[in-house]
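These two chains come separately, so use the hints to put the complex back together.
One line per chain: the protein sequences are A and B, in this order. For the first sequence, this note's numbering assigns the number 16 to the initial residue and increments by one for each residue that follows. For the second sequence, this note's numbering assigns the number 3 to the initial residue and increments by one for each residue that follows.
Worth flagging that the hints you see were computed from the coordinates, not collected in a lab. Since this is a predicted model, take the numbers as computed values, not measurements. Be aware that one or more of the hints could be misleading.
Selected chain B positions facing chain A (Cβ under 10 Å, derived; list incomplete) [claimed, not checked]: (1) Trp23; (2) Leu32; (3) Pro42; (4) Phe124; (5) Val216; (6) Tyr225.
Calculated pairs, EDC-like style, for lysine to aspartate or glutamate (alpha carbon to alpha carbon, straight line, at most 20 Å) [as the list claims (entries may be wrong)]: (7) B:Lys230 - B:Glu220; (8) A:Lys149 - A:Asp210; (9) A:Lys149 - B:Asp21; (10) A:Lys150 - B:Asp21; (11) A:Lys225 - B:Asp21; (12) B:Lys298 - A:Asp153; (13) B:Lys91 - B:Asp250; (14) B:Lys230 - B:Asp250; (15) A:Lys150 - A:Glu206.
One-sided excerpt, in silico: chain B residues whose CB lies under 10 Å from chain A [unchecked claim]: (16) Thr64; (17) Trp65; (18) Gly118; (19) Val119; (20) Phe189; (21) Met239; (22) Tyr271.
The beta carbon of each residue, even a glycine, is placed where N, CA and C say it ideally should be.
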Amino acid sequence: MIKWIKQIRATGGFRRAFVRYFTKGRSNRSVAGTMGLLIFIALFAIFALFPVVFMASNAFKPLRELYRYPPTLLPQNPTGQNFRDLLDYASDSLVPFTRYLFNTGVLVLFGCAGQILISAMAAFALAKFEFRGKKLLDNLVVYALMFSGAVTGVPNYIILTRLGLMDSLWAIILPSFASTLGLYLLKNFMEMLPDSLIEAARIDGASTFKTLISVILPVVKPAIMTVFIFTFQGLWGNTGGSYLYTENIRPLSYMLSSIAASGIARQGMASAASLLTFLIPVLIFIITQSNVLETMATSGMKD
Amino acid sequence: MENTKKKKKKPSSFYRRQDRWGLIMMSPWLIGTVLFFLYPLVQVIIYSFNDITLELGNVNQTWAGLKNYIYVLRVHATFYQDIISIFAKTVPNTILIIFFSLFAAVLLNGKYKFRGVARVLFFLPIILATDLISVELSTVALSGANDSKVAAEGVSGALMVVNFLIDGVGLPREMISTLLGVISNVFEVIKLSGVQILIFLAGLQSISPSMYEVAKMEGATAYETFWKVTLPTVSPMILTNLVYTITDNLMRTDLVDVIQTTAFGQAQYGYSAAMSVVFLVCTLALVGISVLIVGKVVFYND
Numbered sequence: 016m017i018k019w020i021k022q023i024r025a026t027g028g029f030r031r032a033f034v035r036y037f038t039k040g041r042s043n044r045s046v047a048g049t050m051g052l053l054i055f056i057a058l059f060a061i062f063a064l065f066p067v068v069f070m071a072s073n074a075f076k077p078l079r080e081l082y083r084y085p086p087t088l089l090p091q092n093p094t095g096q097n098f099r100d101l102l103d104y105a106s107d108s109l110v111p112f113t114r115y116l117f118n119t120g121v122l123v124l125f126g127c128a129g130q131i132l133i134s135a136m137a138a139f140a141l142a143k144f145e146f147r148g149k150k151l152l153d154n155l156v157v158y159a160l161m162f163s164g165a166v167t168g169v170p171n172y173i174i175l176t177r178l179g180l181m182d183s184l185w186a187i188i189l190p191s192f193a194s195t196l197g198l199y200l201l202k203n204f205m206e207m208l209p210d211s212l213i214e215a216a217r218i219d220g221a222s223t224f225k226t227l228i229s230v231i232l233p234v235v236k237p238a239i240m241t242v243f244i245f246t247f248q249g250l251w252g253n254t255g256g257s258y259l260y261t262e263n264i265r266p267l268s269y270m271l272s273s274i275a276a277s278g279i280a281r282q283g284m285a286s287a288a289s290l291l292t293f294l295i296p297v298l299i300f301i302i303t304q305s306n307v308l309e310t311m312a313t314s315g316m317k318d
Numbered sequence: 003m004e005n006t007k008k009k010k011k012k013p014s015s016f017y018r019r020q021d022r023w024g025l026i027m028m029s030p031w032l033i034g035t036v037l038f039f040l041y042p043l044v045q046v047i048i049y050s051f052n053d054i055t056l057e058l059g060n061v062n063q064t065w066a067g068l069k070n071y072i073y074v075l076r077v078h079a080t081f082y083q084d085i086i087s088i089f090a091k092t093v094p095n096t097i098l099i100i101f102f103s104l105f106a107a108v109l110l111n112g113k114y115k116f117r118g119v120a121r122v123l124f125f126l127p128i129i130l131a132t133d134l135i136s137v138e139l140s141t142v143a144l145s146g147a148n149d150s151k152v153a154a155e156g157v158s159g160a161l162m163v164v165n166f167l168i169d170g171v172g173l174p175r176e177m178i179s180t181l182l183g184v185i186s187n188v189f190e191v192i193k194l195s196g197v198q199i200l201i202f203l204a205g206l207q208s209i210s211p212s213m214y215e216v217a218k219m220e221g222a223t224a225y226e227t228f229w230k231v232t233l234p235t236v237s238p239m240i241l242t243n244l245v246y247t248i249t250d251n252l253m254r255t256d257l258v259d260v261i262q263t264t265a266f267g268q269a270q271y272g273y274s275a276a277m278s279v280v281f282l283v284c285t286l287a288l289v290g291i292s293v294l295i296v297g298k299v300v301f302y303n304d
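Only chain B is shown next, with the shape it has when bound in the complex (with noise of 0.2 Å):
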């Protein structure tokens, strides 16, 4: 994901004038990098070494050494067994994402009848994505049901499906649980794809239509094209997207609730930031070992 463009210059006026001209195109980003990112992030790792307490705005901290990470590894009740069933949901997760949202997008680059439609049809699940939406749509359809984490992830919609499937169709009363799961896992998929769809979108259109004029002169079928242009072309896509990918499932988990109301609704700030710095290590893991796997693959048009 590195720039491999370099190219060695020998320090003249003009490259000092360059020297000066990125720092300062650059520094509004990093101001508010520092300030939005940077410092609470080495604010965090502080915190979870020490106890905490907040009294109007002001912070007071004790040293406490790992007593945090110790208490939130070792004692609290789930977190360590939701912090793998997490992990091990994502991955599955991630990987069909990412081929489901680049079949998509070559899809709907191609040029046919209403494609249109197609495209807004494949954007509207990024709308349903939206947290305030789906909300409001569990509230509604699964007002029986209490769990309201449930119904966001699609349940409502599958469990129609479900019902149209074995009493429409006539598939046997005994599959309900598994189809649930697979359909209301569709909706999920489909719908977080959404941005990833986007990303590979306009990817596929930085591809110049010459090298596909050339590859169906040499009479390349549809399939041969795809392999040889397309994916190539588009491959440092694949990284960003599988980046997104990672942390936005993550980021969507209960996991990032617990952490909030630790820290917001128990006023365990301590507990709160080491459960923070365990999840971004985790992350920081997951995300390091695909981009080392898939990075070997990824193809720069130099």
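So that you can see chain A by itself, here it is in the shape it has in the complex (with noise of 0.2 Å):
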């Protein structure tokens, strides 16, 4: 306490200290903006977390308060029995839990894996080759980023059963590699890239794969990782709708969203099974989240 009352002291006032305090003395910003930012900040966290702490105590709520209006924000007896009664079901269920868990970690793995690597290649080309068509395919990948698969559902259905891949984990993970959104932000990444860069790579003699894969990719990390985010976040929420009917090889978040669906009675059921499944992208974020937000500025080279 007394170091600190120094440390204002010594940094001249209050006001100069605080604001030291939160910019880690980087900026040339003035105080009223400083508070301005955080006071900013906090009533954002107010507006994020308070959907979070809702679903989590409605996890630990019985059924009785979870039908109290006006809804109470925090469980007044709280009870474990929703996550007992989700463990009964699941260790019930005719299919076996960790077959759900099997699908969605299969569909998680090689849904990303693979969108990540196709966008890679195709950005990488389209922003540091010459190619005939490129120009052409460039206006696609910007016009295939305003569609989405919803429109065009009838025909898709078509053509995934004539590829005999209707009623497999391929119907949902084949048509995501085609997503333009993680391609066109890795595009716009690899073009703010010196080309000595990959030039440097080449007379090294680095074969062009070679040069994505070890010179492009790591300098593009951030992308990757946002990209990486928000494919899992898209596979990690899709129930396989109506390209899935077989029980066995349907995702972890079919079975929870039925448990919703199916009833009053199994709403604390879903209210701790909606819990789990929002911690678990969570817990993915944070462990990403350093290397999605490091720089990349430097790119590797020295001017």
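Spelled out as structure tokens, the structure:
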């Protein structure tokens, strides 16, 4: 405490010290500016945390309290019953819980790896290569960005049927490979890389593929991680919809959403389940976030 | 949004090699796109001019001319109004989301205490935006009301905030519907800006720290640095986000559900295809106009 006061004195008044403390003395920002930003972050934090707290507390509410109106923020009689019910349900169900988990694992693993690799290859070509038809493909990427699979539902269904992919996890994984958002993002980043980086790799005898894997990808790691997060997010929440109809190959999210849809008596379980579905992506993000936000500005070059 | 870096090279053997490699690297994505984007798109356009029946995966088409379009735009009870109201809602939402996410990303990119915590906080809405979780949240939270779509927009949370403002803070009870509207909008904007924040953040990461050093040494304030250094450098990302935001917003509307149920629920594949085409044309027009406007101010650092 005394140390703090001394420090505050040394930095010239409380207001200065306050700014120094929160900005690590980096910017020339004014006191009012810093205060404003902090208030903004605090407000945002409240709005972002609110639904999460609500969801977490729902998971511990007995059924009776779930239906209270107006809803209460914190459970009055917290109980672990919802989680016990969920455990019972999972161990009793026709298809073992681990099977759903395995399916989701396959979906997420192949989906993310494939999409990142394919997008990175295409982005590299579009950003740094000159070839015939490049202009056309460039435009195609931009146009494809504007469409979503939702509107081409019927032909997509027919194509997947004809390819014999219906009712297999590939029906979800393969179309996701054609996604454009990741490609577009990676392309934007790779365009910012200096050409000399690629030339250096080429002079050292690296093949095109090798250049991509060991030179380009590490440099654009923040972008890759960003793509990973939203690909993961998309696949994690995918219930399989009308493409999967054998119970054996349905993903975890299907099981969880079917609990939620199965009536009032199961809502306690459903809120426990949704807390669990929520926690896993949060964990993944916390693990990757230091990478997402790592600076790539130097891009390995010294001018 | 086109690549403005264009180098005129003479066709040498090196150029031809690039030619080959470029196409090889593109091919996996291209195959996917042709199969799952271009071909379905052409099919939808063809379907929209035909009467379609499905029999065991076989498609029977009979030419119907503009019949489907006339039905969708003239006869269908809600489609025409829906499409207008949805676009009217998407425009202000998009503007709000872009500004908000840029601001948030700049904040998260700064160096201050508890930055890691702040970043996790900003990431939470992306996960909440997943359909699965918001649906579950809504069935639990608003089980009294039947309209799950309303609940998914975050009304359940907004309801509690409003309750607090009226009972706790003492705002007049007459303001309840205004407050509810404003606060659920805040929830919605926050929920839908997760990916945009990430894209902006990734863009901010690519700004060389030496640019900031120079700005700081020249005595630029944080405000000036933002306008002169940060904004021009992330401006290509604004375009990306603009396109993504408009598309994402439109894809989350009820209209997509209408299109899906018309096809898979009512087996009216022709009508559904015509709706899709109208929807796509409107999307393209909206994106095109906004890209034209914003594209003028995009700065490329060549």
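Does Tyr225 of chain B pass the interface hint, meaning its C-beta sits closer than 10 Å to a C-beta of chain A?
Holds. Min distance 7 Å.
Distance restraint between Lys91 of chain B and Asp250 of chain B, which requires alpha-carbon spacing of 20 Å or less
13 Å, holds
Trp65 of chain B was flagged as interface toward chain A. Is the shortest Cβ-Cβ separation under 10 Å?
18 Å, violated
Do the numbers back the hint for Met239 of chain B, that is, is its least Cβ distance to chain A under 10 Å?
7 Å, holds
Chain A contact restraint for Phe189 of chain B - C-beta distance below 10 Å
7 Å, holds
Assess, step by step, whether the Cα of Lys225 of chain A is no farther than 20 Å from the Cα of Asp21 of chain B, and give holds or violated.
18 Å, holds
So if I understand the rule, the pair passes when the alpha-carbon distance is 20 Å or less; does Lys149 of chain A with Asp21 of chain B pass?
9 Å, holds
Taking 20 Å as the top limit, are the C-alpha atoms of Lys149 of chain A and Asp210 of chain A close enough?
18 Å, holds
Mind checking the alpha carbons of Lys150 of chain A and Asp21 of chain B for me, to see if they're no more than 20 Å apart?
13 Å, holds
Classify the hint on Tyr271 of chain B as holds or violated, based on whether any CB of chain A lies nearer than 10 Å to its CB.
5 Å, holds
Decide if the proposed pair is consistent with the structure: Lys150 of chain A and Glu206 of chain A, CA atoms, cutoff 20 Å inclusive.
15 Å, holds
Closest C-beta approach of Phe124 of chain B to chain A relative to 10 Å, hint status:
Status holds, d = 7 Å.
When held up to the earlier numbered hints, the structure conflicts with 5, 14, 16, 17 and fits the remainder.
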